[in-house]
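Engineer: Below, each chain spelled out in residue letters.
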Amino acid sequence: MNSAGVDSPLLRCSDLSKYYGRQPGCIDVSFELWPGEVLAIVGESGSGKTTLLNCLSANLEPTSGTVEYAMRDGTMPNLFDLGEAERRFLMRTDWGFVHQNPADGLRMAVSAGANVGERLMAVGERHYGKIRHSASDWLERVEIETGRIDDYPRTFSGGMRQRLQIACNLISAPRLVFMDEPTGGLDVSVQARILDLLRGLVSDLGLSVIVVTHDLAVARLLSHRMMVMKDGRVIESGLTDQVLDDPQEAYSQLLVSSILQV
Amino acid sequence: MKQENFYNFAYLDEQTKRMIRRAILKAIAIPGYQVPFASREMPMPYGWGTGGVQVTASIIGKDDVLKMIDQGSDDTTNAVALRGFFELTAGVESTTETSEASIIQTRHRIPEDDLTEDQVIVFQVPIPEPLRFLEPRETETRKMHALEEYGLMHVKLYEDIATHGHIATSYAYPVKVMDRYVMDPSPTPKFDNPKMHKMAALQLYGAGREKRIYAIPPYTDVVSLDFEDYPFSVQEWPDTECGLCGATEVYFDEVVTDDHGGRMFCCSDSDYCEKRRAAGHTGKQPDQAAEV
Amino acid sequence: MITEPVLRLSDVSKSFTMHLRGGISLPVFEDVAFAVHAGECVVLTGPSGIGKSSILKMIYGNYRTQKGNIVVKSQLTETDIVSASAREIMTLRRNTIGYISQFLRVIPRISALDIVAGAAVEQGRDKSLAQAAAASVLSRLNVPEKLWHLPPATFSGGEQQRVNIARGFVAEYPILLLDEPTASLDAANRAVVVELIEEKKAAGCAIVGIFHDADVRDEVADRTIDVTEYSVSAAA
Numbered sequence: 007m008n009s010a011g012v013d014s015p016l017l018r019c020s021d022l023s024k025y026y027g028r029q030p031g032c033i034d035v036s037f038e039l040w041p042g043e044v045l046a047i048v049g050e051s052g053s054g055k056t057t058l059l060n061c062l063s064a065n066l067e068p069t070s071g072t073v074e075y076a077m078r079d080g081t082m083p084n085l086f087d088l089g090e091a092e093r094r095f096l097m098r099t100d101w102g103f104v105h106q107n108p109a110d111g112l113r114m115a116v117s118a119g120a121n122v123g124e125r126l127m128a129v130g131e132r133h134y135g136k137i138r139h140s141a142s143d144w145l146e147r148v149e150i151e152t153g154r155i156d157d158y159p160r161t162f163s164g165g166m167r168q169r170l171q172i173a174c175n176l177i178s179a180p181r182l183v184f185m186d187e188p189t190g191g192l193d194v195s196v197q198a199r200i201l202d203l204l205r206g207l208v209s210d211l212g213l214s215v216i217v218v219t220h221d222l223a224v225a226r227l228l229s230h231r232m233m234v235m236k237d238g239r240v241i242e243s244g245l246t247d248q249v250l251d252d253p254q255e256a257y258s259q260l261l262v263s264s265i266l267q268v
Numbered sequence: 123m124k125q126e127n128f129y130n131f132a133y134l135d136e137q138t139k140r141m142i143r144r145a146i147l148k149a150i151a152i153p154g155y156q157v158p159f160a161s162r163e164m165p166m167p168y169g170w171g172t173g174g175v176q177v178t179a180s181i182i183g184k185d186d187v188l189k190m191i192d193q194g195s196d197d198t199t200n201a202v203a204l205r206g207f208f209e210l211t212a213g214v215e216s217t218t219e220t221s222e223a224s225i226i227q228t229r230h231r232i233p234e235d236d237l238t239e240d241q242v243i244v245f246q247v248p249i250p251e252p253l254r255f256l257e258p259r260e261t262e263t264r265k266m267h268a269l270e271e272y273g274l275m276h277v278k279l280y281e282d283i284a285t286h287g288h289i290a291t292s293y294a295y296p297v298k299v300m301d302r303y304v305m306d307p308s309p310t311p312k313f314d315n316p317k318m319h320k321m322a323a324l325q326l327y328g329a330g331r332e333k334r335i336y337a338i339p340p341y342t343d344v345v346s347l348d349f350e351d352y353p354f355s356v357q358e359w360p361d362t363e364c365g366l367c368g369a370t371e372v373y374f375d376e377v378v379t380d381d382h383g384g385r386m387f388c389c390s391d392s393d394y395c396e397k398r399r400a401a402g403h404t405g406k407q408p409d410q411a412a413e414v
Numbered sequence: 262m263i264t265e266p267v268l269r270l271s272d273v274s275k276s277f278t279m280h281l282r283g284g285i286s287l288p289v290f291e292d293v294a295f296a297v298h299a300g301e302c303v304v305l306t307g308p309s310g311i312g313k314s315s316i317l318k319m320i321y322g323n324y325r326t327q328k329g330n331i332v333v334k335s336q337l338t339e340t341d342i343v344s345a346s347a348r349e350i351m352t353l354r355r356n357t358i359g360y361i362s363q364f365l366r367v368i369p370r371i372s373a374l375d376i377v378a379g380a381a382v383e384q385g386r387d388k389s390l391a392q393a394a395a396a397s398v399l400s401r402l403n404v405p406e407k408l409w410h411l412p413p414a415t416f417s418g419g420e421q422q423r424v425n426i427a428r429g430f431v432a433e434y435p436i437l438l439l440d441e442p443t444a445s446l447d448a449a450n451r452a453v454v455v456e457l458i459e460e461k462k463a464a465g466c467a468i469v470g471i472f473h474d475a476d477v478r479d480e481v482a483d484r485t486i487d488v489t490e491y492s493v494s495a496a497a
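Residue numbers (my numbering), protein chains in the order written: chain A, 7 to 268; chain B, 123 to 414; chain C, 262 to 497.
Think of the hints as simulated: they come from the structure by calculation, not from any bench.
Treat the hints loosely; a few may be bogus.
[To be verified] A few chain A positions that, by computed beta-carbon distances, are all more than 12 angstroms from chain C:
1) D156
2) D157
3) L245
[Claimed, not checked] Now the in silico label distances, taken between C-beta atoms and shown as ranges:
4) A:T69 <-> C:D292: 44 to 50 angstroms
5) A:S14 <-> C:L281: 37 to 43 angstroms
6) A:G27 <-> B:S292: 50 to 56 angstroms
7) C:G283 <-> A:S195: 37 to 43 angstroms
8) B:S292 <-> A:D13: 54 to 60 angstroms
9) B:F354 <-> A:L211: 33 to 39 angstroms
10) A:L211 <-> C:D341: 30 to 36 angstroms
11) A:G27 <-> B:F354: 49 to 55 angstroms
12) A:G190 <-> B:E376: 52 to 58 angstroms
13) A:A179 <-> B:M300: 55 to 61 angstroms
14) C:D341 <-> A:S14: 21 to 27 angstroms
15) A:G27 <-> B:D135: 41 to 47 angstroms
16) C:A463 <-> A:S195: 55 to 61 angstroms
17) B:G206 <-> A:Y26: 57 to 63 angstroms
[What the hints assert, rightly or not] Once the Cα atoms are required to be at most 30 angstroms apart in a straight line, the calculated DSSO-like pairs of lysine-lysine come out as:
18) A:K136 <-> B:K333
19) B:K265 <-> A:K136
20) A:K136 <-> B:K278
21) B:K312 <-> B:K333
22) B:K265 <-> B:K312
23) B:K184 <-> B:K397
24) B:K298 <-> B:K312
25) A:K136 <-> B:K298
26) B:K406 <-> B:K312
27) B:K320 <-> B:K148
28) B:K298 <-> B:K278
29) C:K407 <-> C:K388
Glycine included, every Cβ here is placed at the ideal spot set by N, Cα and C.
Just need the whole structure built from these sequences, with the hints factored in.
Structural biologist: Structure follows, in structure tokens:
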């Protein structure tokens, strides 16, 4: 199916640990992410999943261990051996980051169109007409009326803001998107629509995704594989349906049994 | 009482001047880069040009001839006050004639006449950081300058076009210096931006409250940012000429002349206008000269 | 000609450890061993709760296997599900092993036709061909055409079940796992499912199934395996 790059992982995390002083954030995490895979990291608050996500996305330097990433030129350097300029370039081209709070990923004081177009301008697009065309195209793809292209995100509802944030990230055709609780704090019906949209985009674009969530339903709907974290360690990992249907570890069983049945 | 006894030459002590000169040299070496400096308290409020005054005080010598302009004019409050300050503390000669001056300190205009290699123009800068309004974190904007991440500057211009149909930024219009640093040319009208490009005179920018100095050495490339399909252009006043001297290709002030709605346009650069009138040029409302 | 089995289970055991109930271990069965050849339908029998569904889920990689081997042969490769990586199992699920249960996991906002065609598209079939095949199976299973372009979330239980069955049969899996696909179907649709199974067998598909309904079982089964034989009595 997907031909290029399928025979090697996109990201390889090896023995990654992050300590805050003596307090561990995450400990000895190793895994590989392959092109087109969606990996969910689940666990309760304080389990280290956000620390791990921040290390993987090069926002936080780990205490030890490496995160290697398959660059477009075929090399696979450790992110923390790259210069900051290269890392930041990756972040705004080949990667996306969808924050739980859209305000963290958007510029609330500039229009929706400028938000969506920013990545294009950042890589040197200097044609207003083309930028605007791409921006309205992406607004449509995330189901925001193109007539609202000049409105400010602060006039948008929570769900619309989140969809706008998604468009801002995907316009640069990233290969890897990090998501931190992408539906946290939204109404259930709004959540469903976002998840739906993400599912469609992820499979249409063949994106690789690492999504952190405490919501197992989100993991079930979006991810192929999942890792369960507790006290900074990955205690169980496997296919999402396998971990959810036949959890092995005591904590995973507790987590699964705590899902509210509707 | 002879006031000059109370002050060091040009008010600042010599150590401070050395510190500021070092910052100026660094700024000249890295065109467009904002060099931090230990800005002093000056005997005037922030916003009155404390940055420009410190730069001028550090480079001025006894033989210099100083011109002080405020919005193009030699006669407005700020210009008069600061000229008085240097007359008092340095005792240097001052002039209103652009061509006579060796140092021109300006608030928000570049004179209409071309400057020469023998001149230095000092700008008073309120906010030196062009990225400030889109990215308030100073740590982040410094990183953006270091890594040449200037996409955000175009976000601002995009917003202008989206809102107004054209790039409506008409002053403090961002420029790229020597194809490296994006710089705020202080709130000069964008009409003056082309004059900055390959200017023969040294341009120094001082921001007192923000404690930054930056510079453009003579004959440096200065390009105003724009879009391919919305290229940079300067303000135009079609069918308008100076009411006093009849000039057309200049930056105009609009002046209310009476309380019956009477008004006229005249050169913002007062010295330029006077020179033209002295040379015999005349506009349609020459009798208003005394009012302006 | 004697062919290699496409699916072989040896010494397969399953127990559940219930950490939330003091860590008690519930053994289900031990040393299950059987092989399935292409074109053959093997039916698992035994009373409910004996672990028939668990065996299917273990073959599909949905349940963990504590002991033994589950070897799947596809084209030139052999994969042991028990030790395979998540990625290998995902590939097998896309290309080799299909699983049909009576429950549809509804995907919101995707039409029934696209859900059914989706499995074949994932295998690389042309979208229009896949949709034509999907339409054919849906009409054979008597899903009214006016529903095809609607998401199945609002369908009746029986309609959802038939959409799910259609999805499993449209794709071309060499191995098909059927977990009571005919439960609660009416006689006419049951007969269609039997037909579909026969067609798959004829096409060389290896099938492992569980059928509550004795008539269906007798019609499609080439062999039956009584899971009771492997059962570990809780009392023992």
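Engineer: Does each hint hold? Answer for all of them.
Structural biologist: Verification of the supplied hints:
1. D156: Label holds. Min Cβ-Cβ 28 angstroms, cutoff 12 angstroms.
2. D157: Per Cβ check, D157 of chain A is outside 12 angstroms of chain C; nearest 25 angstroms; holds.
3. L245: Nearest chain C Cβ is 5 angstroms from L245 of chain A, so the label is violated.
4. A:T69 <-> C:D292: 44 to 50 angstroms: Distance hint for T69 of chain A, D292 of chain C holds at roughly 47 angstroms.
5. A:S14 <-> C:L281: 37 to 43 angstroms: Since S14 of chain A and L281 of chain C have Cβ atoms about 40 angstroms apart, the given range 37 to 43 angstroms holds.
6. A:G27 <-> B:S292: 50 to 56 angstroms: holds (52 angstroms)
7. C:G283 <-> A:S195: 37 to 43 angstroms: At roughly 40 angstroms between Cβ atoms, S195 of chain A and G283 of chain C fall inside 37 to 43 angstroms, so the hint holds.
8. B:S292 <-> A:D13: 54 to 60 angstroms: Holds, at about 56 angstroms.
9. B:F354 <-> A:L211: 33 to 39 angstroms: holds (36 angstroms)
10. A:L211 <-> C:D341: 30 to 36 angstroms: holds (33 angstroms)
11. A:G27 <-> B:F354: 49 to 55 angstroms: For G27 of chain A and F354 of chain B the Cβ distance comes to about 52 angstroms; the hint holds.
12. A:G190 <-> B:E376: 52 to 58 angstroms: This hint holds: roughly 54 angstroms between Cβ atoms.
13. A:A179 <-> B:M300: 55 to 61 angstroms: violated (32 angstroms)
14. C:D341 <-> A:S14: 21 to 27 angstroms: Roughly 23 angstroms apart at Cβ, these two residues keep to the hinted range, so it holds.
15. A:G27 <-> B:D135: 41 to 47 angstroms: holds (46 angstroms)
16. C:A463 <-> A:S195: 55 to 61 angstroms: violated (47 angstroms)
17. B:G206 <-> A:Y26: 57 to 63 angstroms: Distance hint for G206 of chain B, Y26 of chain A holds at roughly 58 angstroms.
18. A:K136 <-> B:K333: It is violated: about 39 angstroms lies between the C-alpha atoms, which goes past 30 angstroms.
19. B:K265 <-> A:K136: holds (28 angstroms)
20. A:K136 <-> B:K278: holds (16 angstroms)
21. B:K312 <-> B:K333: The given pair, whose Cα atoms are some 24 angstroms apart, holds under the 30 angstroms limit.
22. B:K265 <-> B:K312: holds (27 angstroms)
23. B:K184 <-> B:K397: holds (27 angstroms)
24. B:K298 <-> B:K312: Roughly 13 angstroms separates the two Cα atoms, so the pair holds.
25. A:K136 <-> B:K298: It holds: about 23 angstroms lies between the C-alpha atoms, which stays within 30 angstroms.
26. B:K406 <-> B:K312: holds (27 angstroms)
27. B:K320 <-> B:K148: Answer holds: K320 of chain B to K148 of chain B is near 19 angstroms, not above 30 angstroms.
28. B:K298 <-> B:K278: Holds - the C-alpha atoms of K278 of chain B and K298 of chain B are around 15 angstroms apart, at most 30 angstroms.
29. C:K407 <-> C:K388: holds (20 angstroms)
Hint compliance for this structure: hints 3, 13, 16, 18 are not met, and every other hint is.
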